[in-house]
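Number of protein chains: 4
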Amino acid sequence: MNSEQRPDIARLVISCPDQHGIVAAVSELIFDIGGNIITLDQYSTGVENGQFFQRTVFHLPGFAQRRQTVQQEVEERLAKRFSMEFHLTAADEPKRVAIFASKTDHCLLDLLWRHRRGDLPMDISMVVSNHPDLESDVRRFGIDFLHIPVDRDNKDAAEAEHLKLLRGKVDLVVLARYMQILSPYFLAEVGVPIINIHHSFLPAFIGAGPYQKAKDRGVKLIGATAHYVTEDLDEGPIIEQDVIRVSHADDVAQLTRFGADVERAVLSRAVKWHCEDRVIRHGSTTIVF
Amino acid sequence: MNSEQRPDIARLVISCPDQHGIVAAVSELIFDIGGNIITLDQYSTGVENGQFFQRTVFHLPGFAQRRQTVQQEVEERLAKRFSMEFHLTAADEPKRVAIFASKTDHCLLDLLWRHRRGDLPMDISMVVSNHPDLESDVRRFGIDFLHIPVDRDNKDAAEAEHLKLLRGKVDLVVLARYMQILSPYFLAEVGVPIINIHHSFLPAFIGAGPYQKAKDRGVKLIGATAHYVTEDLDEGPIIEQDVIRVSHADDVAQLTRFGADVERAVLSRAVKWHCEDRVIRHGSTTIVF
Amino acid sequence: MNSEQRPDIARLVISCPDQHGIVAAVSELIFDIGGNIITLDQYSTGVENGQFFQRTVFHLPGFAQRRQTVQQEVEERLAKRFSMEFHLTAADEPKRVAIFASKTDHCLLDLLWRHRRGDLPMDISMVVSNHPDLESDVRRFGIDFLHIPVDRDNKDAAEAEHLKLLRGKVDLVVLARYMQILSPYFLAEVGVPIINIHHSFLPAFIGAGPYQKAKDRGVKLIGATAHYVTEDLDEGPIIEQDVIRVSHADDVAQLTRFGADVERAVLSRAVKWHCEDRVIRHGSTTIVF
Amino acid sequence: MNSEQRPDIARLVISCPDQHGIVAAVSELIFDIGGNIITLDQYSTGVENGQFFQRTVFHLPGFAQRRQTVQQEVEERLAKRFSMEFHLTAADEPKRVAIFASKTDHCLLDLLWRHRRGDLPMDISMVVSNHPDLESDVRRFGIDFLHIPVDRDNKDAAEAEHLKLLRGKVDLVVLARYMQILSPYFLAEVGVPIINIHHSFLPAFIGAGPYQKAKDRGVKLIGATAHYVTEDLDEGPIIEQDVIRVSHADDVAQLTRFGADVERAVLSRAVKWHCEDRVIRHGSTTIVF
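Protein chains in written order, with my numbering: chain E, 121 to 409; chain F, 121 to 409; chain X, 121 to 409; chain U, 121 to 409.
FYI, nobody ran anything at the bench for these hints, they're computed from the structure. A few of these clues could be false.
[What the hints assert, rightly or not] Computed spacing ranges between beta-carbons, pair by pair:
| hint | chain 1 | residue 1 | chain 2 | residue 2 | range |
| --- | --- | --- | --- | --- | --- |
| 1 | F | M299 | U | L285 | 41 to 47 Å |
| 2 | X | I364 | U | H140 | 49 to 55 Å |
| 3 | E | E351 | F | K289 | 40 to 46 Å |
[As the list claims (entries may be wrong)] In silico EDC-like links for lysine to aspartate or glutamate, alpha-carbon gap of 16 Å or less:
| hint | chain 1 | residue 1 | chain 2 | residue 2 |
| --- | --- | --- | --- | --- |
| 4 | U | K275 | U | E309 |
| 5 | F | K289 | F | D243 |
| 6 | F | K333 | E | E355 |
| 7 | U | K392 | U | D253 |
| 8 | X | K223 | X | D161 |
| 9 | U | K223 | U | D243 |
| 10 | X | K333 | U | E355 |
| 11 | E | K392 | E | D253 |
| 12 | E | K223 | E | D253 |
| 13 | F | K223 | F | E196 |
| 14 | E | K333 | F | D257 |
| 15 | U | K333 | X | E355 |
[As the list claims (entries may be wrong)] Per the computed footprint, the stretches of chain U lying under chain F, defined by three or more beta-carbons under 8 Å from a beta-carbon of chain F, are:
| hint | segment |
| --- | --- |
| 16 | 196-207 |
| 17 | 355-366 |
The beta carbon of each residue, even a glycine, is placed where N, CA and C say it ideally should be.
Chain E with its partners taken away, still in its complex shape:
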């Protein structure tokens, strides 16, 4: 068990205009309520007119019971004073996650397996797929598998079904090589963040067939990018990226095979960091503490 996942561990993530005294005020509050800071990361986009971000993990005996009070203290002592947005979470209260997949298994299996070994602080509520292929793989992990076919004619109905499953039930949707584009309506309605894995080193090779494009362009490294999904396809804030060296001798099939390893590693890290409240969106970019 990761030390951050123990009971009585709270995480406070804040964002506000940069100004004097924020760190002091936060740490003072934590001290006053009897907490002990475990880690504290902060970043400012600039002293003048900058935006300030901070993630503080602290130990507070009885946090589960006292959460409401702490929330209120933060609201009163910090949020108003600093025009602060914040969220307060319990490290032992895992995010509820729905994973969407299609036929490709490597990203999905990596998430299921890491989850089983306790490396991902989340509950997998369900796996949703437009194909039945991965059902037995998923059920084996004791996780619900929902096959909801999607085609041109039923896309609206399928998304309505998706929304019904997700609304109020999950905190995060992960697209683990889900080969359907989500409609703006779905994105507006789902109400939780969505993380996608794109099989290229964005912004290179936007769109379909990135390994073929990489082959045609003759790049010497291929990569993968995990990002939050926005209405602008492949343009959402990047959470994590990585690359692997390839050579002229690797054909597209080989690039795809190499790429699969990078994709699963990158997606797993992005999901882990999100579930640990390490990632803060800031415009079209992210802060990752």
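Using the hints provided, position chains F, X and U relative to the given structure of chain E.
Then chains F, X and U, alone, in the frame of chain E:
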């Protein structure tokens, strides 16, 4: 001294339609003339209608004296039979290289240092710059520095001067962060390959200001790309690329600083490989043996 | 399907004292019997008194039927002349592999997954474990799982049982985090190569508890090493290694988690390369083509 | 100019037994004196009986004039209460550094060049060498070069001369491939930290000739390690390490060439981090913020 730089070492680089018997014919010829193969790399784009590439390094006593004869043997026994393009070089006959630079010193100095240590099998014929700033750094290495200012009004005259300096005098031009775009006329006239270093992981962030673009896009890795220069800016065949991890906390100045290390490493490798006859252009890509 | 796995693809791996004409003789033979070389890699430890190694992959129609003849040709035309050791394999004839594991699943599962996706050119004959924990994971892939407990008292009997299972039935044994030391008797009797994954960057942190040792020493990178097993524990020829960056803030549990990713990647690559006949042992080191 | 190098930027580095309220007390003090925290990193070896480390960078108008007062405030309000060791530095007050070198130039030149471009926040007081070879390279950067020959007979005298040069004049000694072992007497007397670059991935290949040892052992990656020098040769706390991939085909000369690139990068990073007060020694390890 690298083993490949000793006397009596020949390199034969060939390209032809793929077909049976090429490796046998090449190695037989080398055996017949008394040579000993040191390394042999080959690659075919496909058995059917593919293009075949091979680089063979071999030891042949008295190669300097016998070069003409060997050239003729290859012409007669191989080139005709296999519709082969080839070039035959002596490993101890370094390429003559002109380096173009502007004000930034890191790529230039890295090439000069490596050359001085004997790591780059080339002769540096001259350094050409549109600014005088790097003159004393260059002269200190005993290398000619030519300051040829370039502005909107004198670009044609400057390029004419460049061509006069280069024609017949160099085998390669290296743009070590040279901040001028070469005209199509110059590219057509210069008659030797040109290697450029672009300060991004191409095809991402084409054009000017790639580190600013990388910052704006929020990428988690930045890179550099060495490529042959063609008329299509930033589109030439890629020789080498690499990346380095960055974070949200790195500003553009820091990205530029990190990037400089990647740029100089990537350019040095590309130049080294070119000078060792390891790089073969194939359409918009390269084979690197 | 990897191009190397198609029918009619042969691999010839040779080793002999370096001398003139080897490449020519090999490629000539292949041409004479109607083969077409796909890839050819060679390496010599030195022109004078050196040892020469070559791996040649070639396409030969009807290789399955003609294998005996080809074997004989190589014997007669090459092996005698060059005092050559060689082996000739069919690319579509996968190695038969036994995997040994204990309780840790990451290396084992990675091999099983990659095998299922068709990325590892091998047949998994069985999984052998001294613990029952991984049985259902393994059986799910349709692979035999044999639970053979090992303790101080029954070690000889257990190894006898192992040998009975393996002899003549497998071409390779892979130790996927198998937590038992194999006896010199077993190593002498098993008659096939054994690949082990050690959870450190050898030769650093030999023996047990390498992540604890790494933590104590304060290294900034941790690694894993796949090597052939010899009587000298952790001293066998290294096939592949890799590392991952860690920080002072990572405790031993976190190092272990990070390390698991490196271990499974390194072991999978080593096994793949071995099964593709890319790895040649040379004293206490390896050539990897 | 790095933002940390501007005037009015202070750095407070502390170490004390872990307990509640440290972050709050530090940030409160900074707020009280009118400072604004720019970055704050902390690490605890454990909540129970652990050791706590923190590096806080803050902006304080007029810090140069107020330094004494701040030092006193920290002493009174923090150091006593928390049994704290601390040091307070001004970011625009560079460390004074002596670089020791022998004949090899790559590490030395990399430091001199990075220093010239403003990437290393330090003053180079002198370069000391036991050989005259690098004198003109060093003087060209406008830096004093002191040639102090060392041999078996004059070692004590040489070290006495070293100490005379260094005492009270420098804050750090950097061994940039200095090929002499420093005596315990020297280490005891010099009174400032010493950073060394070892040309292997420690703890592998301790002692002389690491690239030869790496070749003999057949490792697939070679590395370099920057560490503080202690009486136990090659055993001092590691600051930074990195590796590069090599193959069976690379001879010792090639390993040495590849290794040189890793050495200079690793040493430069270690020196930079030390000069930015990012590195804290903790027993035989380091915290690097």
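Results for each hint:
no.	hint	in the structure
1	M299/F / L285/U: 41 to 47 Å	holds (43 Å)
2	I364/X / H140/U: 49 to 55 Å	violated (34 Å)
3	E351/E / K289/F: 40 to 46 Å	violated (56 Å)
4	K275/U / E309/U	holds (15 Å)
5	K289/F / D243/F	holds (11 Å)
6	K333/F / E355/E	holds (13 Å)
7	K392/U / D253/U	violated (26 Å)
8	K223/X / D161/X	violated (39 Å)
9	K223/U / D243/U	violated (22 Å)
10	K333/X / E355/U	holds (13 Å)
11	K392/E / D253/E	violated (26 Å)
12	K223/E / D253/E	holds (6 Å)
13	K223/F / E196/F	violated (49 Å)
14	K333/E / D257/F	violated (42 Å)
15	K333/U / E355/X	holds (13 Å)
16	196-207	violated (count 0)
17	355-366	violated (count 0)
Hints 2, 3, 7, 8, 9, 11, 13, 14, 16 and 17, counting from the list given before, are not met by this structure.
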